[in-house]
Amino acid sequence: MAKYETVIGLEVHIELATNSKIFCSCSAKFGGEQNDHVCPACCGMPGMLPVVNKRVVDLGMTAGMMLNCDINRVTTFDKKSYYYPDLPAAYQTTQWFAPVAVNGKVRIETSKGEKFIRIKQIHMEEDAGKLVHDDWTDTTLVDFNRTSVPLIEIVSQPDLNSAEEVVAYLEQLRSLLRFAKVSECRMEQGSMRCDVNLSVRPEGSDKLGVRTEMKNMNSISAIERAIAYETARHIDAIENGTEELVQETRRWDDIKGMSFAMRNKETAGDYRYFPDPNVMPVCIDDEWFERIKKSLPELPSVKKDRYIDELGLSEYDADILTQSRALCDCFEEAYAVSGLVKESANWIISNCMNVLNRKQLTADMLNIDGKALGKLILLVADGKVGHANAKKILEAMFDEDIDPEAYANENGYIVSNDTGKIEGVIRAVVAADPKSVADYKGGKEKALMALFGKCMKELKGNCDPQVLRELLIKIINE
Amino acid sequence: MKLYLDENKNAAARKVVLNDMMLTTELSTTAGSKMLEGYKSLFEAEAVTRLKAAGFEIAGKSNVGELSLGLLGETSYFGAVTDDKGNLALAANEIVKTTDAVGAVGLDANGSFLRGAALSDQVAIKPTYGTVSRFGTVSVACSGETVCVSAKSVADAQSLLCAIAGHDDKDGTSLSDSECQRLCADAPRESIKKIAVAKSLALSADEATRAKIHAVVDALKAKGIEVEPIDDSVLIAAKTAWNALMCAELCNNVSKYDGVKYGYRTKNYTNIDELYTNSRTEAFGELLKTAILFGSEALSTENYMPVYDKSLRVRRVICERFAEIFKDYGAVLMPVCSKTAYTEKDVADNKYISFDEASYIAPAYISGLPAVVVGGVLLVGAAFSENALLELAKIAEEG
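Those protein sequence lines, which keep their order, are chains H and B. So the first sequence is numbered by my numbering: it starts at 1 and just counts up by one. So the second sequence is numbered by my numbering: it starts at 1001 and just counts up by one.
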């Protein structure tokens, strides 16, 4: 059997993290009651004119710079016409002639090593609404909440050759764009969607095979399965002539594990692109360009190297922290305040992640004040707050803005150095539990731990464990 | 066809008529189409808000041709309007002629608003593109459509224009306030001493129209203004280009009227494609359908470069030609239309008469330059030269 090469290009749609929609002031947030975030403009009523949300251009430029693109200093919006009930104006405003960014590249790493995927262009556009079908009454209603939510579409060159590369590429995009706060890139919420263009050719051939496109893929695992299926289907068609391959748009059915040709009507058509006369060309001057350039974050890979080389973190710790911009920001702030590298990393990787997991939040959603965390770490390091109580303070930091020291004072979490008080507690505990005392004296080390625990409990944890242990042994042996 | 709010709400207030392309919350806005019959907007046009703020009272809405297409409004679903002689007339001018309304304000893209004023001997101003907000108007051809004013006198037209001109954040093509203020009556201006007459355009009009041109030229010359004929061969290209751009943009702008969200919906459908097709087939008139087909073709992949893109290039060439002319002349005088009166038979005989008559208004619309109708003729000036044009108009008005 001849060997085949799969050639894949991706079009990735990413919803931008703006507060408002691209051409009106409606909220762009995910969710809400159906048709809550709508106005005459995004419902396609007559009389409304688009006014560009500058924040969208900021984020379009940021994405372009993060993916090593050239920024078009004059970027224009165009209209793309087609009829579909989820598109209220019957045209989508997009960028056809002068997209915001072109000619970029993204580095990926797979089991075969390093590779660069070229980016053809990034353009800004508006999202469409959502059709909601009710099988019971057999009617379809439309929800315009998502209409005109700003998107960027990242179009790659056909440089990808396997599902592994596609996954690495998507994860790299997600990491870079989350770091730059361009988007949350949540596939499950539809804020990151992917069209897969795929063809197959004999290895070594420089002629591309017949290309098919699978639209709106919204999970990494579905994309992997779809690529495997579609590759096999193409090879089967070429080898065995099972079917004639045609250039078409296909729908991936993840439950059946098969792709299906879409009705020709859904895909055919002339979009009649033309420049939108209502939206003036956006001119990006040097000041604007520099402002965005300065706002770019340190790349995660650069950060990781710095954490290892300069701060002396282990590769494992650096890997976890650099998964998310939120973790990095919190870590860097906590470190700046406390001056304690290892402790700052540990508090985030173990304690903060525990709380996040319990609250079923992702790392990106860590929103505690890193400076406050730094102060808390210092309180623990200085022996002013015990470990158990420090975790309680951390917990409170997730719910409200607090000053750890003030909070510790208010709640009686400050470690007491009053040996008189500690001795009093120990004597009471020892007097109440002669059996444990006898057991310990009889050689059972465990009995000491039981007494120690009771004392610590009485003291509400506000005692240096070392001091307590020494005093306890001294009193038992009196 | 006249739609009145309240005949005598305030007898002392200065009343103004809106053409039915201007959205209001009190009255329906139909744009002359069955598609929008009874459509009430949730918000009103910026120009309407400004008129009210300036103390004008909205008298009511006047009928327009469907999406303001057509020669004078005869393509309205609600019927044509004729004057006392039985000639076609624009509803806005008829209302102003027969009531105490000061004038009319309306959106125009194909010149019917200007023609209506010329044929009823009223004054009209098409201001510089971007000086009056288009927010709250039923879009036709966004790159050139303009909110215009008409009135019985130059002074009244000017007061209406000053009321509505100004920057508006809700319109991305709106110019700055300092630019818009150049239109107002007390803004400093430089008087025009020399004007040009577009030779072939003038010669293409009928004798009665040419007589009007002569009358205005004579009045201007009597005040010492020089008048010279110029070669207008470049300006003539505006007609085809503007018709292409207008139809293309119109095709896109009216695609939102699909029977799904509001407006007319057919009873005759079993799926979404039939709902679209039948709603639009039943609700749109013939001229609008023709314009949609022209526009759709102009934007198709095959025709984009040879038709649409070329029309954009023609637009630039026309703007350059005007700039050249305005180095030597303060204004270009030309006819508004080829005749001084039109009958329903004229339109029945030539369904595309409004596209043909675009020869005269297209240079101003495609370039976005200001134009004034006075004495039945059109004066086109450089950007923001409304004041200077209106000085000429006053001379023509006094005869």
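These aren't lab readings, by the way, just hints derived from the structure by calculation. Be a bit skeptical, because a hint or two may be false.
[What the hints assert, rightly or not] Below 20 Å or equal to it, Euclidean Cα-Cα: the simulated PhoX-like pairs (lysine-lysine) are: (1) B:Lys1289 - B:Lys1256; (2) H:Lys181 - H:Lys294; (3) H:Lys130 - B:Lys1256; (4) H:Lys80 - B:Lys1256; (5) H:Lys130 - B:Lys1261; (6) B:Lys1261 - B:Lys1040; (7) H:Lys54 - B:Lys1261; (8) B:Lys1212 - B:Lys1040.
Results of checking the hints against the structure:
1. B:Lys1289 - B:Lys1256: holds (14 Å)
2. H:Lys181 - H:Lys294: Distance ~14 Å between lysine 181 (chain H) and lysine 294 (chain H) Cα, so the pair holds.
3. H:Lys130 - B:Lys1256: holds (17 Å)
4. H:Lys80 - B:Lys1256: holds (13 Å)
5. H:Lys130 - B:Lys1261: Judged against 20 Å, a Cα distance of about 14 Å means the pair holds.
6. B:Lys1261 - B:Lys1040: holds (13 Å)
7. H:Lys54 - B:Lys1261: Judged against 20 Å, a Cα distance of about 29 Å means the pair is violated.
8. B:Lys1212 - B:Lys1040: Violated: lysine 1212 (chain B) and lysine 1040 (chain B) sit about 41 Å apart, past 20 Å.
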